[in-house]
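Protein chains: 2
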Amino acid sequence: MTTWPDNRRDMSWSDRFAGRMAHVRASEIRELLKLLDQPDILSFAGGIPDPAMFPIARIKDVYADILAEAGEQALQYSVSEGLTPLRDWIAAKMTAMGVPCDAGNILVTAGSQQALDLIGKLFLSRGDTVLVERPTYMGALGAFNAYEPTYAALDIAAGKPADAQLAYVVPDFANPTGRTLSRAERERLLDQAEAGDFAIVEDGAYRELRFSGADEPPVLALDVARSGSIEAARTLFCGTFSKTLSPALRLGWVCGPRAVVDKLTLLKQGSDLHASTINQMVALRIVSDGYEAHLERLRARYRDQAAAMQAALAQHMPLGVSWSHPQGGMFVWLRLPRGLDGAQLLEAALAEERVAFVPGAPFFAVEPDAASLRLSYSLGTPDDIDEGVRRLARVIASRMGGVRAA
Amino acid sequence: MTTWPDNRRDMSWSDRFAGRMAHVRASEIRELLKLLDQPDILSFAGGIPDPAMFPIARIKDVYADILAEAGEQALQYSVSEGLTPLRDWIAAKMTAMGVPCDAGNILVTAGSQQALDLIGKLFLSRGDTVLVERPTYMGALGAFNAYEPTYAALDIAAGKPADAQLAYVVPDFANPTGRTLSRAERERLLDQAEAGDFAIVEDGAYRELRFSGADEPPVLALDVARSGSIEAARTLFCGTFSKTLSPALRLGWVCGPRAVVDKLTLLKQGSDLHASTINQMVALRIVSDGYEAHLERLRARYRDQAAAMQAALAQHMPLGVSWSHPQGGMFVWLRLPRGLDGAQLLEAALAEERVAFVPGAPFFAVEPDAASLRLSYSLGTPDDIDEGVRRLARVIASRMGGVRAA
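So the protein sequences, as listed, match chains D and F.
The working numbering applies: residue 1 is where the first sequence begins, and numbers increase by one.
The working numbering applies: residue 1 is where the second sequence begins, and numbers increase by one.
Quick caveat, the hints were computed from the structure, so don't treat them as lab data.
All figures in this text were calculated on a predicted structure; none of them were measured in a lab.
Treat the hints with care, as some may be off.
Unchecked claim - Mimicking DMTMM-like on lysine to aspartate or glutamate, the simulated pairs with C-alpha atoms at most 25 Å apart in a straight line are:
#1 F:K60 - D:D15
#2 D:K60 - F:D61
#3 F:K93 - D:D65
#4 D:K160 - F:D15
#5 F:K160 - D:D15
#6 D:K60 - F:E72
Turn these sequences into a full structure, and let the hints guide you.
As structure tokens, this is what we get:
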């Protein structure tokens, strides 16, 4: 142990953080969620896939096969853009979705969260405007905040285009609202983007989880239909294996013009070199065989859970409460009567009824509406969902003076 | 297919990239390395671990065990800071290296490349000065460049401290030089950092690959000895499993004061949520049992390869060529006679002798020395190494007028 003069200068870390850190804050919600991991709480809070649906046995077999057949390659460094056969598969998938493209239009990322971070890094400078829905996915705000943009409301119904660098949108079964944009809304968004000359970031995280109704074309597909080629498009599509296969593999992608994908690839290289080689090989083999049947089982599961939640909401909720009716994904958005506050309600719900959800306000980048909350139905059995909604309805009714639905 | 008026505005992507992209450039070296994957080339270029040393069978068994025992957890989302048992193991390892700490001082990252990116994101604003060795690891420059710093030479021998935000150093078997800082040099670096009030980023990527000589204490350990606690230290240590276990798992870590680790964790969350859950569980189980024996085999392998390279260099190189004598790691740095250029030499070496290496200039952030090159011995057999060095010596000698070593 060296002794050292007392006049040694102590390190003051907080004085030397970059200015961007003023925009990077801990999510109260994520902190809160850590406290909810108690067995007697019925939770609609976590927006995570049902682990009972992970194809564990298949994944186990595939890891073993890949390591037996190509262990040295699977455990070695690989290229920043992602393994070519996986990019080929993704490109074929995008092509089938109406976006003709090839592997050069695809970057494999560490989940779609990293796609959003790299897009922020590529496009956003301090003070740039990002258009977001009200409410929007808070993880996107978490990715963009480090690049110090300002946010403005994306108003798809509005006639005049906004002045912005880019718009972020979750067009299918959005987190947190469960809402899907109609084809006409997608076209109107493109009209606005062309008139205002901004780029569109299309987050397709839940797109494969449609359990009723018919697919709408991706915004990128409509864009390519207008512009004639993905190379002339102004939309970047972010996809992920997290909601369909497993979030733990940390695999997603960006699909867009080469001019953008090439730059994102450079940023990926500087950020973490490449996505896990072995996980890419495992994901490719799994999606190459029997994947559609797996997706059908997953959709059936969420269809049942969503139906249970809609039935419970209709049965138990007081008049004056309204909610969304998603055709896919994991989320229902609930509007409380004016004057109620989702965050205050959560405290009461935990204390009085042992039921949890995510208050709505943190999902708003502009003009928060506190009289809202997000419910996820991905984890509960139909019975748990019914019981949890019954409890939640009791808390809400008690705050409203006890008015009940007919 | 929609037809569209001809006056539709086309997207001009390059006009809207953020200013930071002026600092983010494709690595010529990485582009070059892609061309070297030809069977008749003897390559000392790739700085990657010997895949023959990956414990494939063990990794295969462990993936199977983890998925059988805890598949739902292994495939689910997990916390941004990394799994607590893995952080406990890393903290115990750091403690054994002279850095008493606990899991709160550890963030698990996607390789140490991501540690460098997150550190850049936390500390660097446009124009901040980063002190780097001449030459330095080009991947660190790739991580920092997106935050637009300027670089200055880190001169550890200098008396007066530099004015800088942070210094980046690879003290053990550096990439690209193979050089190790003596204990006195580490202390002098800390003196400078205290006098100049800058932070130190210690990249310990190769630290476990010592095959001769005795360990030097990590800079962070000397810092903690001075300051009394990791919480008062000014050094951040970046470690990785990429060189010892497998780079494909994409697992590394940062060890530092909680005040810093907490902020880096927020940035990790916004960047990619968390490192692969299953890969973290697999790595923890592997390093928990039989790991030291694996490291000993790895060190023995690199010891033999390094010895073969030193013998071949001594035997074949012309007078006027000098090189480093690393006690660990993967790299030898070779100084060419004045007037020779590593990049030009590579062209000749590929065309005339089918031998490859990395020219030295790109490893310099300031004042490049073109009369240098990096040789990696991690991939070759002793016979290949001898033959490759013989060929390289022929090319160099031919450029020097044929002067040969005695």
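For each hint, the structure was consulted:
Annotation: proposed proximity of K60 of chain F to D15 of chain D is violated, straight-line Cα distance about 47 Å (limit 25 Å). At most 25 Å may separate the alpha-carbon atoms for a hinted pair to count; K60 of chain D and D61 of chain F meet this at roughly 10 Å. Of the pairs offered as hints, the one joining K93 of chain F and D65 of chain D is violated, with about 33 Å between alpha carbons and a cut-off of 25 Å exceeded. Under the criterion of a C-alpha separation no larger than 25 Å, the hint pairing K160 of chain D with D15 of chain F is consistent with the structure, at around 23 Å.
A C-alpha spacing of about 23 Å is found between K160 of chain F and D15 of chain D, which places the hinted pair at or below 25 Å, so the restraint holds. With a C-alpha separation of about 12 Å, the suggested pair K60 of chain D and E72 of chain F falls inside the 25 Å cut-off, and the hint holds.
Checked against the numbered hints given earlier, the structure breaks hints 1 and 3 and satisfies all the rest.
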